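Enquirer: Residue-level listing of the chains:
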Amino acid sequence: MQDKLNAIEKAALESLESVKDQAALDAWRVAHVGRSSPLMQVFSELGKLSKEERPVVGQAANKVKVALEAALAERTEAVKAAALAKSLEEEQLDVTLPGRTVNVGRLHPSTQQLRRVLDILADMGFQVYTSPEVESDEINFQMLNFPPHHPAREMQDSFYVEAGDRGDNPILMRTHTSPGQIRAMREFVAMNPSDPPAIRIALPGMCFRYEQVTTRSEMQFNQVEGLVVGKGITFADLKGTIADFARRMFGQDVRTRFRASYFPFTEPSAEVDVECFVCGGKGCQVCKNSGWLEIMGCGMVHPVVLQNGGYDPKVYSGFAWGMGPERQLLLRYKINDIRYFWGNDMRFLSQF
Amino acid sequence: MKLPISWLKDFIDLDGLSVEDVARKLTLAGMEVDEIHYVGLAMPDYSKGEKHEFKTTGISWQPDKLVVAEIREVMPHPNADRLTLCDLYDGTEQHTVLTGAPNIFHLKGIGKLEKPLKVAWAREGTTLYDGHAEGLVLTTLKRTKIRGVESYSMVCSEKELGISEEHDGIILLADDAPTGMSLVDYMGDAVLDISILPNMARNANVIGLARELSAMTGRPLKKPTIQYATSGESIEGKISIEITNPEMNPRFVLGLIRNVEIKPSPYQIQRRLRLAGVRPINNIVDATNYAMIELGEPLHAFDYDVLTQRAGGKNVKIITRTAADGEKLTTLDGNTRTLTASNVLVCDEKGSLSLAGVMGGAESEVAPTSVNILLEGAAWNFINIRRTAKQHNLPSEASFRFSRGVHPALAEMGVRRGLQLMAEWSGGAVAPGLVDNYPLPPKDVVVDITPKEVKRLLGIDLSAKEIAELLGHLEFECSIHGETVTVKTPPHRLDIGEGVVGVADVLEEVARSYGYDRIPETRISDPLPPQIGNPVHEWEEHLRDLLVSLGIQEVVTYRMTSPEREGRLVRFDEYTRIANPITPERTILRRSLVASVLEIAEKNARAESLSLFEIGPVFEPRKGELPNEPRKLAIVMTGRRLASAWDVKDSPAMDFFDLKGRIELMLAGLRFTDVSYAPTALSAVEGPSYLHPGKAAEVKVNGQVVGVFGELHPLVKEKYEVGDKPVLVADFDLDALRTAGPAYGIVPVPEFPPVFEDIAVIVDESVPAARVEALIKQTGGRSVSAVSLFDVYRDEKIGAGKKSLAYNLTYQSDKTMTDAEAAAIRNKIVKRLAQEVDAKLRS
Ligand SMILES: [Zn+2]
Chain A
1 MQDKLNAIEK
11 AALESLESVK
21 DQAALDAWRV
31 AHVGRSSPLM
41 QVFSELGKLS
51 KEERPVVGQA
61 ANKVKVALEA
71 ALAERTEAVK
81 AAALAKSLEE
91 EQLDVTLPGR
101 TVNVGRLHPS
111 TQQLRRVLDI
121 LADMGFQVYT
131 SPEVESDEIN
141 FQMLNFPPHH
151 PAREMQDSFY
161 VEAGDRGDNP
171 ILMRTHTSPG
181 QIRAMREFVA
191 MNPSDPPAIR
201 IALPGMCFRY
211 EQVTTRSEMQ
221 FNQVEGLVVG
231 KGITFADLKG
241 TIADFARRMF
251 GQDVRTRFRA
261 SYFPFTEPSA
271 EVDVECFVCG
281 GKGCQVCKNS
291 GWLEIMGCGM
301 VHPVVLQNGG
311 YDPKVYSGFA
321 WGMGPERQLL
331 LRYKINDIRY
341 FWGNDMRFLS
351 QF
Chain B
1 MKLPISWLKD
11 FIDLDGLSVE
21 DVARKLTLAG
31 MEVDEIHYVG
41 LAMPDYSKGE
51 KHEFKTTGIS
61 WQPDKLVVAE
71 IREVMPHPNA
81 DRLTLCDLYD
91 GTEQHTVLTG
101 APNIFHLKGI
111 GKLEKPLKVA
121 WAREGTTLYD
131 GHAEGLVLTT
141 LKRTKIRGVE
151 SYSMVCSEKE
161 LGISEEHDGI
171 ILLADDAPTG
181 MSLVDYMGDA
191 VLDISILPNM
201 ARNANVIGLA
211 RELSAMTGRP
221 LKKPTIQYAT
231 SGESIEGKIS
241 IEITNPEMNP
251 RFVLGLIRNV
261 EIKPSPYQIQ
271 RRLRLAGVRP
281 INNIVDATNY
291 AMIELGEPLH
301 AFDYDVLTQR
311 AGGKNVKIIT
321 RTAADGEKLT
331 TLDGNTRTLT
341 ASNVLVCDEK
351 GSLSLAGVMG
361 GAESEVAPTS
371 VNILLEGAAW
381 NFINIRRTAK
391 QHNLPSEASF
401 RFSRGVHPAL
411 AEMGVRRGLQ
421 LMAEWSGGAV
431 APGLVDNYPL
441 PPKDVVVDIT
451 PKEVKRLLGI
461 DLSAKEIAEL
471 LGHLEFECSI
481 HGETVTVKTP
491 PHRLDIGEGV
501 VGVADVLEEV
511 ARSYGYDRIP
521 ETRISDPLPP
531 QIGNPVHEWE
541 EHLRDLLVSL
551 GIQEVVTYRM
561 TSPEREGRLV
571 RFDEYTRIAN
581 PITPERTILR
591 RSLVASVLEI
601 AEKNARAESL
611 SLFEIGPVFE
621 PRKGELPNEP
631 RKLAIVMTGR
641 RLASAWDVKD
651 SPAMDFFDLK
661 GRIELMLAGL
671 RFTDVSYAPT
681 ALSAVEGPSY
691 LHPGKAAEVK
701 VNGQVVGVFG
711 ELHPLVKEKY
721 EVGDKPVLVA
731 DFDLDALRTA
741 GPAYGIVPVP
751 EFPPVFEDIA
761 VIVDESVPAA
771 RVEALIKQTG
781 GRSVSAVSLF
791 DVYRDEKIGA
801 GKKSLAYNLT
811 YQSDKTMTDA
821 EAAAIRNKIV
831 KRLAQEVDAK
841 LRS
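Chains A and B supply the protein sequences, listed in that same order. Just so it is clear: in the first sequence, position 347 is 347 by the numbering used here, and no numbers are missing. Just so it is clear: in the second sequence, position 243 is 243 by the numbering used here, and no numbers are missing.
Don't read these hints as lab results, they were simulated from the structure. Values in this document were obtained by computation on a predicted structure and should not be read as measured data. Positions of the beta carbon are idealized from the N, C-alpha and C atoms, including for glycine.
Ranges of calculated distance between the beta carbons of each label pair, as one might list FRET restraints: (1) B:G515 x A:E187: 32 to 42 Å; (2) B:K55 x A:S217: 17 to 27 Å; (3) B:A806 x A:M191: 55 to 65 Å.
Turn these sequences into a full structure, and let the hints guide you.
Expert: Next up, the structure:
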């Protein structure tokens with residue numbers, strides 16, 4: 001009997017040698033340790049043996065069973081390992097193939113830049129104030145200290161809107177967001193006419209100039225203005241606030257320079273340059289070799305404008321400044337054609 | 001304004017300041033230098049890393065190579081008729097120099113010149129512009145042979161030295177030019193191109209800029225002394241002036257010079273004028289221009305004999321008046337102009353002579369034969385001049401200045417300077433006296449200013465004395481009484497107002513004189529104002545984020561369009577029209593945002609898949625008033641659902657439901673729960689005709705219509721070049737959408753496991769899926785937490801005119817639901833569907 005068991009074990013182990021995959025493992029299991037395998041036959045025939053023989057053969061058969069199962073387990077591991085090794089070897093991707101894309105939406109670059117500006121201003125306590133894109137000459141110009149036919153109007157050629165004869169007060173596309181200054185001041189005054197509250201607002205929006213559309217000029221552009229009105233606002237505050245803003249916007253090390261300038265609605269007025277962030281002030285094409293980039297105009301709110309807004313210029317003072325998000329984008333991303341913005345070519349938009 | 005540095009030096013000492021220093025100081029004080037054009041002076045050496053701050057052009061003259069030399073004899077060239085050989089002396093040596101200059105050709109072969117000709121001479125190896133090349137091409141002088149004669153140096157034209165385009169002859173310098181002197185020392189220059197701000201008209205002249213520079217540097221201003229001898233009969237009483245409207249013409253001054261010899265001005269004068277951008281004509285015209293650029297007062301010279309003749313030998317009377325409508329005047333550019341009543345004329349008793357302050361008339365202009373010259377200096381209303389110059393399209397150096405305001409005090413000073421220059425350059429004799437009619441002198445503006453105001457508005461501490469000093473540099477007359485500085489405006493500026501405006505005007509001058517760069521940077525010490533926020537703006541930004549997260553690209557388009565462009569989509573009866581459109585393409589303000597975005601889709605038609613949105617205003621006209629500007633959202637989608645890629649082939653075209661899915665997600669993102677969709681045809685409001693009637697829906701939130709969407713009508717789509725795929729568009733009214741109330745509270749996350757089940761029912765085609773879904777939800781009540789349609793199926797087995805709708809139901813209870821409980825709900829639903837829409841359960 002022992003011989004038979006030895007033979008069974010030997011045959012089984014020999015046949016296991018050639019087992020290479022899971023199917024063969026399963027087949028081997030059925031053939032050698034399955035219910036109708038020769039080994040199981042031995043177990044099922046144990047009852048036929050004598051009382052003495054039974055435990056001996058039983059033990060011997062069990063030993064074979066344990067051995068075969070151990071061998072099977074070992075073989076199974078080996079087969080698995082081989083299969084894994086094989087699959088790892090075979091499953092080589094071409095990692096240079098492009099990734100699978102999804103439909104991506106993006107904000108227009110102008111919106112992105114407007115948000116950058118407004119976010120910084122919000123941190124500095126400036127709240128967003130919006131006003132109409134079509135305005136009366138009175139609010140767009142006259143209230144802002146541009147009298148009719150004043151030479152300063154040449155700085156802002158306008159699109160007029162057909163509106164019948166309104167005399168010296170035609171309707172036009174606003175040339176700047178400054179008319180919002182008048183509207184805002186009047187709203188704030190209305191809150192408490194006897195002691196108008198202080199103001200700190202940002203005025204974003206689309207503005208229009210009568211200009212041919214070329215690579216360098218647009219008939220439509222965004223502007224963001226800041227307006228501060230209060231009882232102790234100084235030119236030094238204007239410089240400090242703008243320098244703070246410029247550092248947030250262009251980098252903590254960036255220097256600003258204030259040049260005297262002229263706007264009818266501010267006095268004193270200044271043009272603000274920041275040190276060129278492309279060349280660090282050494283001089284390059286972007287800054288036209290000057291080392292400085294002109295980024296905004298600003299000034300103390302003109303007394304006439306304060307008066308028109310309902311604030312007494314003897315008690316209140318304020319400052320305002322205006323800047324162009326598209327101009328900032330031109331500089332920031334080295335965009336050399338301003339028409340890209342409203343052209344909305346996906347090949348442009350998808351770069352932001 | 002083009003400012004030659006050499007001219008500036010007549011009025012202020014610039015020793016120790018570089019050209020860039022001067023440019024920087026002017027720029028910071030508000031006279032922005034756009035460009036420095038070098039004409040001889042040494043340019044900063046960029047190669048040595050010198051920082052330069054300005055756009056720089058031009059040429060530097062090598063001091064050792066370019067010198068003043070004299071030609072002593074002009075001899076013929078042995079082998080070329082058109083060339084000459086010059087016997088030239090450079091101060092130490094003699095040279096033979098070859099030239100083809102026509103302006104010395106007449107001296108050929110006449111032997112030794114009586115008076116040597118002073119010229120600009122370039123030695124071998126000089127780098128200068130090639131006079132024969134188109135444009136400005138640098139070249140270096142090399143030794144060569146021209147027609148058998150050795151040549152290694154040359155006498156220069158203006159073009160070769162970068163002074164002007166002139167290459168018709170060589171430069172002939174003044175007789176007193178010192179032979180042997182380095183040319184750059186003799187006449188090296190640099191020209192600052194300066195932008196003059198509208199409130200700085202007073203600085204559109206050399207003295208004005210020198211005055212500013214004097215304030216910025218503390219160096220004294222060397223004011224010109226205007227003195228000249230007079231002779232002959234005085235003109236007082238011989239000529240009279242009548243001003244009919246002093247508002248238009250506050251002052252008119254005349255002076256006379258007799259027996260002038262009209263000829264070219266001295267070379268240095270011509271050179272300065274050229275550098276300043278004015279073409280030299282003759283000594284008389286040049287004198288008027290020279291005085292204008294120097295002082296800022298435009299002058300006009302008349303041929304006095306023409307005027308006397310017109311007066312028939314009687315005394316000349318000058319009259320200034322407004323033109324009659326339709327009156328004609330031939331200006332000295334040869335054009336006959338038809339005038340209007342707003343134009344002001346200078347006339348004599350016979351008729352008009354010139355268009356005041358803008359351009360002279362042809363008849364009385366100075367001619368080469370003129371002998372006696374009457375010189376006009378006047379003051380005009382700047383707004384009127386500006387309108388007239390614009391009306392007749394006559395921008396000139398004179399109208400540039402007059403249309404920005406010239407102080408009447410300059411009229412007299414200008415005439416006297418003009419007469420002085422004419423006398424110097426023409427040998428004429430100035431007649432004694434001036435005729436001066438000055439009916440409307442400007443008010444002397446006086447402003448009081450205190451250190452307290454300076455502190456309040458500028459944030460700096462200055463004493464009354466310091467304020468007075470700063471203003472004194474700009475020629476304000478200041479007197480101090482206690483803490484008050486009383487400031488009188490100097491007689492060259494018109495830009496200082498009165499009252500609080502005057503205070504601001506003067507404060508600006510204090511700040512400029514002090515230096516903007518010296519004012520500190522401080523943070524606002526005022527308390528933070530009331531915080532109001534801008535909920536509309538914040539909500540729109542949130543909506544933008546939602547749309548972007550749904551894979552839709554934002555675009556921003558022009559507000560202006562034309563009825564034709566927009567009319568491809570939709571036509572309106574009325575528009576807000578642009579009165580002065582810049583192009584026929586943009587004549588109105590848009591009324592449809594969808595039309596704008598469709599144009600962008602069209603421009604991007606080559607993209608395989610497009611999903612675009614814009615948020616912005618449209619413009620609803622109101623007669624004689626500002627238009628309404630309602631805010632809109634437009635979405636346009638077209639193309640494939642996915643762009644083709646190595647593993648994406650033939651992705652299906654987007655259709656109605658691609659757009660609807662985005663809209664559903666957008667509205668869910670805005671936290672609206674009461675949302676319904678209906679075919680536009682079924683609604684009370686008829687849907688827009690640009691949508692496919694069967695593939696269009698209107699969207700209601702809380703029962704209010706907030707927008708419409710659908711597929712573009714095939715006939716409309718034909719008008720757009722957007723490819724063959726369906727075009728889906730949506731148009732939302734943002735005011736309606738924003739004011740719809742979002743849901744309050746959330747649906748709690750269930751604690752117990754849900755039971756899922758699918759059911760499919762067969763209904764008539766006419767039954768909308770939304771109706772079936774609504775019935776399921778209604779019947780299921782709280783127990784059915786989700787219903788989602790996963791299949792719509794039609795075939796013969798189901799029958800014609802029928803469709804099968806398959807739903808995925810999620811049962812949810814506040815305990816674990818048994819199969820039996822689920823089955824009971826299901827049976828109720830099936831029964832209800834059979835009753836209401838004749839639905840049959842599909843097995
Ligand atoms: Zn740079």
